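*Asks:* Single-letter residue listing:
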Amino acid sequence: MSTHVATISNVAGTPAAGSTHSVGSAANKALVLGLVGLAATGLGVVISGKAAAFSYLTGLVFWVAVSLGALFLIMIHHVFDAGWSTVLRRQYENWITCLPWLGLLFAPLLISAVVAPGVIWKWTDPAYDLSQVGGHGTVAQDVLWVKKSGLLSTMTLIIASFVGFGGWTLISSRLRAHSVAQDTDGNISHTHANRFWTAVGLPFTALSMTLCVILWVKALDYHWYSTMFGVWFFAGAIRSALSLGVILMVWLWSRGDYKGIMNNNHMHSIGMLMFAFTVFWAYITFSQYFLIYMANIPEETFWYSLREINKDGVFNTWGYVGMFLLFGHFVAPFLTLIHYPVKLSKTWLPRVGAFIATVVLVDMTYNVMPSLKNSSGDAYPFLSLNLLWIATSVVGVGGVCVWAYLNSFAKTKLIPIRDPRIVESLTYHE
Amino acid sequence: MAATFYGLMARFDTAPDIYHAAQQVRDAGYKNWDCITPFPVHGLDGAMGLRRSNVPKFSLIGGLTGFTTGMSMIWFTGAFDYPLIVGGKPYFSPLFAFPISYELTILFTAFATIAGMFILNWLPQHYHPVLKSKEILRGLDDAFYVVIEARDPKFDLNRAKALLSQAGAKEISELEA
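Residue numbers (this note's numbering), protein chains in the order written: chain A, 339 to 768; chain B, 3 to 179.
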């Protein structure tokens with residue numbers, strides 16, 4: 339193996355060493371943009387209060403999905419000992435450096451749960467008056483909360499968030515550190531170490547992510563039951579991370595870095611994954627809707643009723659958002675990505691990716707925002723000032739993520755030049 | 003009875019040889035010809051000038067048929083032939099017709115894909131003139147062959163022979179139908 343590693347470093351050394359890493363100013367611009375976005379969201383909290391906090395949660399959870407999707411794709415790469423994705427893996431390794439920053443950006447929400455309980459998650463305040471959102475009594479008198487109170491408490495929320503972000507940061511930093519160290523010494527032990535962290539990391543991340551999104555998003559409406567929720571989030575996470583991957587690939591291609599590294603087969607493979615997870619998302623989302631529709635139990639159906647009709651029976655704006663998700667998140671990408679030429683097109687595949695990432699954000703919005711109810715228990719309309727605060731949150735958190743990515747990008751080699759699979763990846767053909 | 007002439011079969015010893023030979027035969031404008039290799043040679047389809055397969059068209063037709071069958075079957079049984087209220091649901095809704103339509107889409111797509119592959123490859127084909135040649139045994143083992151059929155409109159025995167030997171054929175034999 340050692341001679342093999344030595345040969346490939348000669349083959350792969352040239353394009354990686356010759357790449358220009360002049361992204362320093364872009365990183366600073368991204369950080370400034372991010373801080374401006376965060377400041378604007380802060381202004382939103384002053385203007386819209388609670389609604390802006392929900393919008394911030396939407397934007398933050400969207401980037402958590404993108405980043406955890408990237409982490410999952412790295413781990414899936416290692417657990418399958420994959421070949422073709424080796425050249426792309428480094429970009430995901432750069433991206434996941436944003437996970438600790440996302441944890442830091444999540445902190446204000448946890449602080450709010452302690453300082454001003456009930457603002458975002460009603461159950462963080464057992465004395466919360468449910469008549470504000472069309473219910474009656476307080477949370478503490480609500481039998482559905484009492485039965486779930488072992489899970490739905492401020493302490494669980496804080497512990498789960500700390501364990502989640504802490505664990506993801508640890509796993510992502512180990513995976514990245516070993517991969518980067520291998521560039522220098524070419525030691526196969528780094529590959530083995532990454533397999534170890536993957537074997538630990540996959541079950542841990544799957545469970546902690548499920549727990550966290552149940553507490554952060556699903557429990558915004560704590561009456562609701564859905565066994566598909568964690569998998570739904572996973573589907574969105576992978577779809578957005580694949581979209582990020584294809585956008586980064588084509589960006590690096592158009593800059594010239596990926597010339598001679600990436601070929602049509604890489605595009606085709608990531609395109610097929612995008613297609614597969616489009617179907618996967620549809621399968622999960624349809625199953626969730628279908629099980630609730632067939633069982634017809636009020637504790638479950640209210641979640642969809644809220645997103646379709648108001649209490650007076652009038653079809654509301656969220657109903658159109660739901661239809662948009664059906665056609666925009668499944669039908670359109672399905673019919674587009676099924677074509678072979680689209681998966682090879684450096685013009686169209688990133689556009690489809692950008693579209694999918696945008697619709698993942700709409701999907702997050704659809705899951706978070708209607709839980710913000712008025713006093714008659716109806717959701718606030720989709721088209722409102724809140725969309726502005728979602729936009730500022732996405733720009734704010736996204737700016738920090740891009741800054742972290744570009745910082746890491748400038749410090750690492752373009753591809754893992756001494757990975758045992760790098761030649762297979764560079765000469766990849768189907 | 004004299005056997006009819008089928009075409010020419012030329013042997014090449016390495017994968018790069020047949021790759022370049024295929025490019026030359028392609029550029030000479032032949033249509034009815036094929037390559038026989040003991041294992042898949044990457045990029046040979048491009049060197050032969052083959053377009054993408056038409057199997058996906060069969061798959062699409064199969065998929066649409068399956069989806070329509072599923073939807074109309076549920077509508078026919080539940081809302082038309084024997085209307086029955088089940089679980090307080092409407093007689094017909096695309097929602098509960100979806101799982102069966104989805105399954106039939108996959109099933110019919112798979113059938114159509116396999117059938118399309120068989121039809122486009124003229125399968126099952128129990129006899130082919132190259133099977134008469136003993137050379138074919140090496141074609142399954144270590145040698146590479148280009149076969150140009152006499153029915154090709156551009157076919158001319160001497161020109162085809164010249165083209166193949168110029169392309170580096172080690173041995174050229176004539177096949178009987």
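These are computed hints drawn from the structure, not numbers from a lab. Just to be clear, a hint being listed does not mean it is correct.
Pair by pair, the computed Cβ-Cβ distance ranges are [to be verified]: (1) B:154 - A:530: 53 to 61 Å; (2) A:748 - B:42: 36 to 44 Å; (3) A:534 - B:78: 36 to 44 Å; (4) B:161 - A:420: 45 to 53 Å; (5) A:676 - B:17: 27 to 35 Å; (6) A:481 - B:63: 39 to 47 Å; (7) A:676 - B:78: 25 to 33 Å; (8) A:632 - B:85: 17 to 25 Å.
Note that this is a predicted model, so its numbers are computed, not measured. Beta carbons are placed, not taken as given, at the ideal position from N, Cα and C, and that holds for glycine.
*Asks:* Compare the structure with each hint and give your call.
*Replies:* Here's how the hints hold up against the structure:
1. B:154 - A:530: 53 to 61 Å: 56 Å, holds
2. A:748 - B:42: 36 to 44 Å: With Cβ atoms ~42 Å apart, the hint holds.
3. A:534 - B:78: 36 to 44 Å: 57 Å, violated
4. B:161 - A:420: 45 to 53 Å: Check passed, 49 Å falls within 45 to 53 Å.
5. A:676 - B:17: 27 to 35 Å: With Cβ atoms ~33 Å apart, the hint holds.
6. A:481 - B:63: 39 to 47 Å: 55 Å, violated
7. A:676 - B:78: 25 to 33 Å: 28 Å, holds
8. A:632 - B:85: 17 to 25 Å: Since residue 632 (chain A) and residue 85 (chain B) have Cβ atoms about 19 Å apart, the given range 17 to 25 Å holds.
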